[in-house]
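Engineer: When the sequence shown is numbered by our numbering, its final residue is 1078 and no position is left out of the sequence of numbers.
Source of the hints: derived by calculation from the structure; they are not laboratory data.
Possibly wrong hints are sitting among the right ones.
Here are the simulated lysine-lysine pairs, DSS-like style, with alpha carbons at most 27 Å apart [claimed, not checked]:
#	residue 1	residue 2
1	Lys739	Lys809
2	Lys333	Lys403
3	Lys754	Lys739
4	Lys717	Lys739
5	Lys949	Lys896
6	Lys364	Lys377
7	Lys754	Lys717
8	Lys896	Lys915
9	Lys509	Lys351
10	Lys856	Lys182
11	Lys364	Lys509
12	Lys246	Lys182
13	Lys182	Lys739
14	Lys364	Lys571
15	Lys182	Lys717
16	Lys949	Lys915
17	Lys571	Lys509
18	Lys856	Lys739
19	Lys364	Lys246
20	Lys364	Lys333
21	Lys571	Lys351
22	Lys571	Lys333
23	Lys333	Lys246
24	Lys377	Lys246
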Amino acid sequence: MRILSFIFLCLTVFVSWAEPCPPISSTSRVALDEDQLLISVLRVNGRPLWDGFDVYPVGERYLVPASLFADALSLDWEVSMAQGSIQSEGSEDFCSFNHTFNQTLPILSNTRPDAFLWAADEFDIYIDTRMIAALLQIEQKFNYTLLQLNLTGRLPLNSSTNASADNPPLHFTPSVVPASKVVEDQYQLFTSPLVTYRLSKQDSASSDNRFSANINAGFDFLYHSANLRVSRVDDTSIHYLRFGKTLNENYQNTDNALNSFAYEFGDIQLQRDELVTRSGQSLGLIVHNGDTRQRRSFSSTSIEEFVLPGWRIQLFRNGQFIDEQFSNEENKVLFEDIETFYGANLFELKLYGPEGQQEVRTKTVNVGNNQLRQGKFDFLFGLTDNQFRLLDGQVSTTGVGKATVARLGYGLTDSATLSASVQRLWLEDGIASYVTAGINTQLFGSALKFEVSDQNTGGYGMFLGWNGRFSNSLNLNFSTRYFNNFYSDAYSQDDDIKYISSLRLNGKTEWLGRFGWNTSMTHRAYEFDDPQSALNVNLNDNFLGGTFASGFSVSNNSSAAVTGRLYYAKDVNGWNLSSAWNFIPSDRFSTDNFYVSMRWPQTLSQYRETRLRYRGDTDNALEIRHQHNWRFESLNIGLAASVMEGGDWSVNLSLTGNTNVNPYTQSLNFERSAGATAGRIDAFAYLDENRNLRQDTNEAPIEGVMFAGSSLWRDKSTDANGMVRLNTGARTQNLILKSDSLPDPYMLPAAGKVQVLTHPGGVNTAQFPVHTFNDVEGTIYVVGDSSSRGAAYVDIAIIDNTEQIVVKTRTESDGYFYVNAIPPGDYHIEIDNDYLIQQGLTIQSDALSFTAPAKGDSVFVDDILLARETALPNENLANHSATVQPVSSPDTTGKYEIQIGIFRHSRSIFEVMKHLPIAPESIQFHRNHSAGLTYVTVGRFDLFSEAKMILQKLNQHPTFSHAFISPSARFTGAHWRLEFILEDVQELIQNSLHRLESSSAERLCQLAAYQALSSINPTIFIQHPELMLLPNNNASPSFYRLVAPAASTSVCHDHYYDAEYRSGPYSVTRESLLTKQ
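Make the full structure from the sequences, and use the hints.
Structural biologist: Written out as structure tokens, the structure reads:
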């Protein structure tokens, strides 16, 4: 027994029970007026949550439907119409309550100020917004001018819980919509080269004519990817040719790279390691398993891009500006030894071409999570020769010649990787061999790497690196290398280095708008020479809407001990301005070099750029250059002129563009876009009638289909065979078939986003099957004896003939629902059973099934009718409410009505009503639930002659030329319900007078004045229920004022319907509007 008591005591201590809410002291039952309904916006902590939310004003209070409110905030409230109660078990955030409204209470016109108001009808229970604030312990306020119900406090949708931009994840994990289909990279026997070219002819005062040609070409050859770069100046040319292939490639999962196999040969780019190899271009062969993470330098990386000469490239890391370079005559730009820090290093390259091109390319390097999975292997084998190129033969006789490498990595654990390598270098004075072993691991939220390399000459070298993060605003990168009689390709014997230590810091500060900074400290010690130290400090920020960077370098191994740099770039109304100044502070801030570049606003056909440049190391130090480019569909033509300080001048004419063979048009295409790094995609679209996702013999291709994914494709569409060739510069290209380009509106692509893996110059085929579909729409009504209302926000499910749920949706505020992309077949609709039980409703419609045709179409489901099972125990709760009262039979209120239209959707009615040429005494919406149509009539007339007079006025307007008189009895019967009624304008006037008398506002806004009521368009009161119509004299009015509430500052603005036809509002006092009796 003691044990059970102890367990019970523990449960009562450790289990968190929801506290009960403070008791509701008193409530008062009131009547609602449908004419006062305000269609408002529900806002939670400043964020709009629900548009079209029902709010009923009662005096200075506001009531809302309880069940709709609970649904909007996903609360666990149980609203029981049968019991007339609202209850909640509560949670950690909200208290619990169970309140039953006394249905025997009479409806009061005068209520106590401290009482919570409530009302009910056959559709819902309506509660005071002050009661909501008390139950949820929040604050509430209704803005009548903006029609907004604002809730603030601890609620499910609290905007304060949004993740801060200052707390990014450590490692990059893309949060994008996943592709529904992935097309693996494909290699062809041969593809026509995709060539980017630049031909330039230059003449100057001091030298002979100079001709240069630059070509980048990508293509497939013998099922390998090939890339050719050619740079020729007069009679001298340089050629780079590289082949490569990756097997089992898949970028969707990084681990799959460990199971793939890749190789490349020809003029390849070598990656730097920690002790032996430096980065550079070399002739050779490299075979590896496709995982590049283990081949990166631990504390830095190199970024290479292939572009034609004259491009300007800015490099950013995690939004911080790092450096700017111009592409060289070898058709590339190379950023070397760029620091990397623990976590995600997102490098962004902004490329500006000499013909006005603008591109952004990104590369992500993750440091700290680059270990192999436990039990996984990583390997690399390479043979290289730095003195040769594949097509040019021997190009050098100095430096390192041949080299071999064999490297193996093993995942000891998920956070620790062992590595070993054997390397051999043919140096100028002999052959050197190296055996290297190391470990790469994570330690206390940081990365640690240690390597030791033994040289066959008896020396050795060691590397130790630590990469960590102290906070979101401070990163640290430390590395040291120690050499004992050790030399290699990366560290020459002539350098005579004993050790090198580097400390690099990167972060952001809260000062001056949170600017970024980088600091690098390096110390080198030598066997015989004096040690050298260097300090680099860089600051960068977004200043005045542009990119600002500054820095200085201090070193004891240079004649200029201190150097500095300032950089700024900004876009202003289409103008792009960039400038850089390198100076020497110790020499009276003398200028080493300086430039200002201004790219003019671009047009579709022209581009211009002006540049001023100063170089202190040349005779003609100052140069001004202007370039003008004309863009044509097939190529770009550029003309540039330069004038130097000493009087020298030069003129340059250039042609740039792209060319490739299109097999579908059998022509040689000349274009001014794309590039040699681009791949090509052959997209094929067809109608997949049997939905098996492959083309069968009887399934036809689709012509004219277009694709989204690149601006280069805006004019591309499939031909009569359903094929189109698309160029892409992305390694991984996402495509989406544009649904609006399909020939039938009831067609959709079978796949959403399709991801195609490409390689430069390759051609990959992607199939896009297209399916027919159906739109399904309908309306659910809650019906009373003679009236009906749309069942708002009811959950429904569409179920196929296998009893599988195809789609779930929710009705809108008027009971309307719509779903699309429903495949052909037989379906039935299922309504949320909990809703039916809570509301005490039964389904009155006979059938809830429909058939979606095979060819695709719009399916209109018959009106679904819900009715009360029996008289509810709290029958007075519904019957005494004024929200939906039975409307008198048309036979007693008028024998004739004028029918102006038939509508399937009620929301379309007001678009027609705004054209009414007169202000009718009443407008009725009659719903025929059997036909699923709403019949709109105006007026209720006892005499046919009266109706005919109004009809003649209506027929004068083209919109109502087919209106006719109909007996009111026609709209009665089993399938008819009076859905809505707009009463006489006199009732509007009386309601306006009542609101004016009860208002506490001192000033209001008069929008206009009318001598005749027929001049007033009733649509303005439908769209803006807060407006009032006030006579100047209650007994015998001579005109009517249109009045709106004033803003909190008493300033008047007319943003209401038909405002363009009014001269302007002005402020008036409340006393001046009170009429004489």
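Engineer: So, for every hint listed, does it hold in this structure?
Structural biologist: Hints and how they fare:
Of the pairs offered as hints, the one joining lysine 739 and lysine 809 holds, with about 25 Å between alpha carbons and a cut-off of 27 Å not exceeded. Straight-line distance between C-alpha atoms of lysine 333 and lysine 403 comes to about 24 Å, which keeps the hinted pair within the 27 Å bound. Restraint check: the Cα-Cα separation between lysine 754 and lysine 739 comes to about 11 Å, which is no more than 27 Å; the hinted pair holds. A hinted pair counts as satisfied when its Cα atoms are at most 27 Å apart, and lysine 717 with lysine 739 qualifies at roughly 12 Å.
Using a Cα cut-off of 27 Å, the hinted pair lysine 949 and lysine 896 holds, with the two alpha carbons roughly 13 Å apart. With a CA separation close to 25 Å, the supplied pair lysine 364 and lysine 377 stays within the 27 Å bound. A threshold of 27 Å between alpha carbons decides the hint, and for lysine 754 with lysine 717 the separation of about 18 Å falls inside it, so the pair holds. Distance check on the hinted pair: lysine 896 and lysine 915 sit about 26 Å apart at the alpha-carbon level, within 27 Å; holds.
Restraint check: the Cα-Cα separation between lysine 509 and lysine 351 comes to about 22 Å, which is no more than 27 Å; the hinted pair holds. Among the hinted pairs, lysine 856 with lysine 182 is consistent with the structure: their alpha-carbon atoms are about 25 Å apart, no more than 27 Å. The straight-line distance between the Cα atoms of lysine 364 and lysine 509 is roughly 21 Å, inside the 27 Å bound, and the hint therefore holds. Distance check on the hinted pair: lysine 246 and lysine 182 sit about 22 Å apart at the alpha-carbon level, within 27 Å; holds.
Restraint check: the Cα-Cα separation between lysine 182 and lysine 739 comes to about 16 Å, which is no more than 27 Å; the hinted pair holds. Our distance criterion of 27 Å between C-alpha atoms is met by lysine 364 and lysine 571, whose separation comes to about 23 Å. Among the hinted pairs, lysine 182 with lysine 717 is consistent with the structure: their alpha-carbon atoms are about 22 Å apart, no more than 27 Å. Using a Cα cut-off of 27 Å, the hinted pair lysine 949 and lysine 915 holds, with the two alpha carbons roughly 21 Å apart.
Taking the CA atoms of lysine 571 and lysine 509, the gap is about 21 Å. The hint holds against a cut of 27 Å. For the hint linking lysine 856 to lysine 739, the alpha-carbon distance of about 20 Å falls within 27 Å, and the restraint holds. Only pairs whose Cα atoms come within 27 Å are accepted, and lysine 364 paired with lysine 246 is accepted, the gap being roughly 21 Å. Pair hint lysine 364 plus lysine 333 holds up; C-alpha atoms about 17 Å apart against a cutoff of 27 Å.
A hinted pair counts as satisfied when its Cα atoms are at most 27 Å apart, and lysine 571 with lysine 351 qualifies at roughly 13 Å. Among the hinted pairs, lysine 571 with lysine 333 is consistent with the structure: their alpha-carbon atoms are about 25 Å apart, no more than 27 Å. For the suggested pair lysine 333 and lysine 246, the alpha carbons sit about 22 Å apart, so the restraint of at most 27 Å is met. Of the supplied pair hints, the one linking lysine 377 and lysine 246 holds, its CA atoms being roughly 22 Å apart against a limit of 27 Å.
The structure meets every hint from the earlier list without exception.
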